[in-house]
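These protein sequence lines map, in sequence, to chains U and R.
End of the first sequence = 608 in my numbering, gap-free, step of one.
End of the second sequence = 1537 in my numbering, gap-free, step of one.
Just so you know, these hints were derived from the structure itself, not from any lab.
For every residue, glycine included, the Cβ atom is placed at its ideal position computed from N, Cα and C.
Be aware that a few hints might be false.
Calculated Cβ distances over 10 angstroms to all of chain R for the following chain U residues [to be verified]:
hint, residue
1, S58
2, K83
3, K97
4, Y99
5, L278
6, I548
7, Q574
Derived DSBU-like pairs (lysine-lysine); straight-line CA-CA distance at most 35 angstroms [claimed, not checked]:
hint, chain 1, residue 1, chain 2, residue 2
8, U, K94, R, K1115
9, U, K537, R, K1411
10, R, K829, U, K89
11, R, K1276, U, K449
12, R, K1381, R, K1363
13, R, K1082, U, K537
14, R, K1121, U, K94
15, U, K118, R, K1115
16, R, K829, R, K841
17, R, K1405, U, K466
18, U, K449, R, K1045
19, R, K1082, U, K133
20, U, K94, R, K1033
21, R, K1082, U, K94
22, U, K449, R, K1257
If you want the footprint, here are the derived chain U segments under chain R, 3+ residues with CB under 8 angstroms [as the list claims (entries may be wrong)]:
hint, stretch
23, 414-424
24, 554-566
The primary structure of each chain is shown beneath.
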Amino acid sequence: MKTFPRMDPAILPSDSFVRGVFLLSLCWTANAAPVYHDYCVIGAGPAGLQIGYFLQRSQRNYVIFEKSNSAGSFFNKYPIHRKLISINKIYTGKTNKDYNLRHDWNSLLSDDDRMLFKHFSRQMFPSADVMVKYLQTYADRFNLTIRYNTEISDIHSVHEDNRTKISMKDQHDNQYLCRVAIVATGIWQPRIPDIPGQELMDGYESLSLNASDYEGKSVMILGRGNSAFETATAIYDKTNFIHMVGRHRIRLAWETHYVGDLRAVNNELLDTYQLKSLDGLLEYDINDYKIVKEGGKLYLRENMATGQQWGEYDNDPLLTPYDKIIRCLGFKFDPSIFRKISDFAVRPSQKYPFIDYDYRSSMVDGIYFTGTIAHSLDFRQSAGGFIHGFRYSARVLSKVLNWRYHQEKWPSEILPVSNLSSAIIKRVNEASGLYQMFTYLGDVVLVDKDGMCEYIEEYPVKLIHKLSEVTGIETANKMVLVVVLQYGEGFHGPEEDVFRVDRAATEPEFAEYSNFLHPVIHFYTEIPKEEDTVKRKRGDPLPPADRIHHVLEDFSANWDRPHAHIKPLNKFLQRVLKNRTKCRSQTNTFSKYLASTDTLNTQSCVVT
Amino acid sequence: MRIRRNIITIQLVTLFSIFCESVAVGFTVDQFNHAKLIRKEDLPGFKQSKTVSVLYYYKEDNPKHRSFFHEYDKSAEYLGLYDLKLGVVNCKDPANSDVDRCTEDKTDALVYTYSNGNELLALEIETMFDVNSMMSNILQLALLREVPILQSKEERENFVNKHKGTHDVVFSFQKAIGTYEHRIFMEVAYAFHHKFQFAISTATEAVTGLIPHPEILDEAKVWFLMCSQVINKEDDCFIKFYDDKMDLSSLASFMRKLDTPPNFDIPGDGITHPYTPDLGLHLVYLFYRESTYVHHVKCLLLLMCKAAFITVNVEATLPEAVGLDDFPPNTPAVAVQYKSEKNLVHMTEAWSIDSAFEFFASKLHEYEVRPREQEGQGVGDVMGDEVEGQTYPEGELEEKDRYSEEIETEDDQVAEAIQRARKIKMDLELVERLTDKTFTPTIQERDLVFTLFYLPFDHRSLAILRAYGEAARKFENQTDRPFTVVNCHDWTDVCATENITRYPVLKIYEQGKFLKDYDGMLSIEDVMNAYKLLKQEKPVSLADKEEIEKFFTGILPDGSNITGTVSVVALFDDQNKGVQTYKEVARSLGDKFTFGINSDGQGKDFAQKSGCGDLPCVVILRRNDLVQPYVTFSGDLTSAEELSSFIEKSLNPSLAELTPSILPQLYKQNRPFVISFVDDTESSRQLLEPIQSLVKAQAYPDLIFCLLQSGDINSFGRQILQTYQNSTSSSVPALSYAHLREGKVYNYLDKSFTKDQIEAWLKDIQNQNIDDKTLFLLKDGTYKPRIQGYHFLEFIKENEEMKKKSQGRKVDPDVHAANVHGIGFDSEGNEVDPRNQDNKKEETVDDSEIRRELIELQKSRLYHHAEGKHKPSHRKPEDHSDTPRHTPESIPPTPETGGSGYPAPEDTSPSSEGSTPSPPKKTIIHDDL
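Use the sequences and the hints to build the structure in full.
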């Protein structure tokens, strides 16, 4: 974790003021020449603010467009019952700031300690109102250039001076031209199933928050996610019963290690189901059904062509009449802001746009995505769909842009091999990006022939074969180590017993049986090529390595014990790196007796 | 494989012990049943043991040590059989409160060994984790002379040569000291060391020549070298390789076969031959008459261990006496009797040595390949036999042994030292810990601040941290506390701002600004010296002649001593440009030496004295250099660079003693070394004299003259000398010219140590005019980590293979291994701790359901062991209650053999013929092995 030089606050406000005035004057002459920016960010939610922060810090010409009149407006409404379920852990017993971000899921990244969420709320699960306040404070604190009340549409690419640029307009038909457009709109359109009678349902987005509306009511909730359970938890003390219908087996976050699955903080209804207290869970694919209203009651009925229907069983739970059917099926992204929708919304579910691992649109050059809208890259795996994950992917994106458009190489450290193990141990014990975006972001170490290492932090490992292209750092003739944090294979899934007796490995020699999040180091004699990436195993972000080292999992996630963690890692590094190190034997003659053999070895050994 | 399973055992047991520990009653000293409780007054007597006695000073019940206690007790039982006594001193007993060891700190982590009243080694209980490691370590110690450890090929060859013509040699390679294999070898060695010469090695290098690829050797091996018959020292001993299972009964039976006489003559040696069926030997008969006795037939001895050789004089005995129906009509004649068979197979071909040999070889081959049923066993038994040899039941793919003894050992000396020191608390009380809030104010507010940036898990950081804390302690009574630290694992941001990328880094801040990175040695004195030097004026003004003179003798104008052994003084006659340069250099190197200056011409006399001639003059004073206490600078006084590099270069004494700490500095200079290997004797002084005068003359500025103390045969100086001279018999004093970067070493051989001769030799080397015979080329080697580490990718692949192979059988490999081996049993089939189990049973009655379930699990699965694999111990205490009666040399009887025991060495005559020791019918020592 590096800290960055702070900008002189005296300069910024006036600068953005001038820019604002300039923009304003352009707006008055609408439909004249489009306003140009290097970067146009669409959306001033957490992702837009986060990328805005990095753009501002790099002193880019950028603007953030926000359709509402404040930052983070999504949180004005959602979650509707107002309790955030991202943890806001105030105390960790440690002072390491990067480490503490591992347990702070709400803060955005910045170099200002005052911008930590814990200064805004002391609650573990704060109210969404705090998030609204936080985001606005963040935007103000860094003087991010945000154009509020600006609703963008008609995003498309244009060719001008041999360059592709992105054109867009706002609701007043003001034209904007951008070298790069970064879409940070989030996913906010409710997913509504296309089934007959869907209008009879209540949507999560428009639910009554008045508890008395649910008194004595029989309720069905469609959906299995946190919003469905949040709703159920909010009303189950008033209803006759709640039946929850979903397509899949329930996915508990503590089984899947995916925070997007049902969190324990929301799962009270599981109790009342399993203890036979009237509520219940059912599995149906809602798309095969329709909703009908008969005698003032709602029913879910099969919607099949005649002849294909199942015979009616008199014990079918769906014969139950309901007073309310509530849909809580989550959100999808809004493709209507693009001129050519089909370029983006190619996924059947249309939940997420189609993008590459460098956050770039697969179809239109110059358009990037950041925030939860880019979660398709690590959907159901890592945390890229949530603030505590995408704040890091936004940082990655800023580095991607810095090299691609400004020829600023990714930051890296040069170290001697002898310091590598300490560097790795330090990083795996404190880095929050590796921890939150486990499996997807990893540290990459390039080792050259002279025994020097180049340490690159938080790289999207699925792009390992493009390291040079993405970062600007030379990879030829270098050995490669990739450090990621991973759960054990087979330790996550809705049917895994995560409390089984042998859930944790305790001996270093069985470290590869580690189940909980633990560091894994992949070694490659050279940077993997594109064709190697297709060889990767399912669930594995990296192509098959030449050597792998597992650092034994640790109950407190402190991988810094001399015997259990450091020594085996040292041996591994020595083996993969120094095995290729050639020395004159006379240094060995001496080094046997030397306390600090490294001094000699680095002086007279060359990696072959 | 055995070890691997043990590990799983240990793992699972650990798992349960988490639960057990809360239940288990603590350990008390009277739970030692076999290890004898030694009272204070009995201690001297106990230590007087003629062999080896072992003591553990029990201080308190430590859960971590509990398994050691039990293993120690068990070892006491077994080692008692060897008349090696294991005792316990109860430090809790107030009567023992003044026993030395009881009051010491680390005692309870060590086991002490004594012999004849002397203390031998203290063994760490970390390396004594089970019966195997204890028995092997203690037996090895007791038999150190009888079973030497030979770690090189030369040592082994010398050892073998020494015994040619007198003794047979049993040599073993062991992966490590303290393994099961080592233990059984030592047990066998104990029993047979009066008969054979034993030796072991843990270095693969020592095995060179015995097997094709010693470097890949990864398991214990035993060789039998028949050297006693070798008459000519030049001849090789015939080598028999032990290829049976590495367990006690197999190895012991092998040794017993060796112990039988190689041939037996009937009736010359007697009527009843000693080759009893239980030895499993084939018998080769040579029937002869006095007239037809063939001496050469003894070459058949080469078949030793597969067969025994009986010569029968048909003229002097009757067939019935030998148990035969008839003798062959013609002699010489040869016949073979397969082991455990009654009938003889006679050779029908015409007699010749060759044909006899061939006959036996082919018969042996026939025996090996013929189906086993003929042995009178059913097919099922044969299968059973085979299965028994395997570790997993048929069809199960064997998982390789991933446990590597090596990885348990620390090969990084710094890390090891840190590890050892961890119990001693670091004194960091007076070291100020800086945070993100206090770092900047601290360096800004104070004149001089040392800040150590460190990582708490980096052993090099910890090494300096301890010394740093001690250095701070020295400032306890002073107002300035210059020593501060930043823990970079706590304050990543602070360290990032200071651009710390490697650890540890000691930075010096002066007047609120970063001055420099400290780059001296990381020792208490050096760090403190740096501080003292920085505090003083740079350079120190020397006002008059008196002060200059004092400076030369090591005293500053304020009367204090000059810090360090090297200082620099500059004498100018006015404020010329050189003064500025000098001051600049003084500032930049001010943390390393004291710089003195006089610039008003008062130092003229001193300039002349120290060899400058005239002012200006810069002199480097090296107070510990007897050869050249003054070095003067003759270069350009206006070049700071030139002056600094000159000072750096003149730092080391002109004839430095080569030590690990000085080597890096000298090595950096990339000059050839001229190394005098010396000791304290007069002859060494005779070598040093001419060398010193050469150094004084400064005729060889491109060479580094140094000396290396090499008196002790084990010193690294001697070892380097032996390497350079490529000889194990190198003697001191010696002289070598080593150009390390080129890998060339010239040895000064067969010449007298005179200045002229040495000088001529150096010239010859420099002119490449040298006899190649004295040249030794250092090998171009590859640096390989000494320890291999775990190869997880292989493990993962293996596991996948296993999963594939065992599809359909959904058995957890660990649980399965546990089932086969028997969780809760050690390799001897003894339950790990029956006491704990009893406790648990009681707990079961009144404790929670989960607990009962766990115990059920233990009973049903974990404590179940496969049939025929392990026999629980049936040993009763009275079985060996008579042990103490035996003399140390004799081997106590096994329960089955009662008092007959094993032949004491004095019963066995040295000749291989004539004597007929009566080997016991059963395996020796432990029936359950």
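Hints, verified against the model:
1. S58: 18 angstroms, holds
2. K83: 32 angstroms, holds
3. K97: 6 angstroms, violated
4. Y99: 8 angstroms, violated
5. L278: 30 angstroms, holds
6. I548: 5 angstroms, violated
7. Q574: 4 angstroms, violated
8. K94/U <-> K1115/R: With Cα atoms ~25 angstroms apart, K94/U and K1115/R stay inside 35 angstroms; holds.
9. K537/U <-> K1411/R: 17 angstroms, holds
10. K829/R <-> K89/U: 58 angstroms, violated
11. K1276/R <-> K449/U: 20 angstroms, holds
12. K1381/R <-> K1363/R: 22 angstroms, holds
13. K1082/R <-> K537/U: Violated, at about 59 angstroms.
14. K1121/R <-> K94/U: 29 angstroms, holds
15. K118/U <-> K1115/R: It holds: about 34 angstroms lies between the C-alpha atoms, which stays within 35 angstroms.
16. K829/R <-> K841/R: Holds, at roughly 25 angstroms.
17. K1405/R <-> K466/U: Measuring from Cα to Cα gives roughly 28 angstroms; hence the hint holds.
18. K449/U <-> K1045/R: 41 angstroms, violated
19. K1082/R <-> K133/U: Outside the cut-off at roughly 53 angstroms; violated.
20. K94/U <-> K1033/R: Within the cut-off at roughly 22 angstroms; holds.
21. K1082/R <-> K94/U: Given pair K1082/R, K94/U holds - Cα atoms ~31 angstroms apart, limit 35 angstroms.
22. K449/U <-> K1257/R: At roughly 30 angstroms apart (the allowed maximum being 35 angstroms), K1257/R and K449/U satisfy the hint.
23. 414-424: holds (count 6)
24. 554-566: Our answer is that it holds, as 5 residues pass the Cβ test (under 8 angstroms) against chain R, meeting three.
Of the numbered hints listed earlier, those contradicted by the structure are 3, 4, 6, 7, 10, 13, 18, 19.
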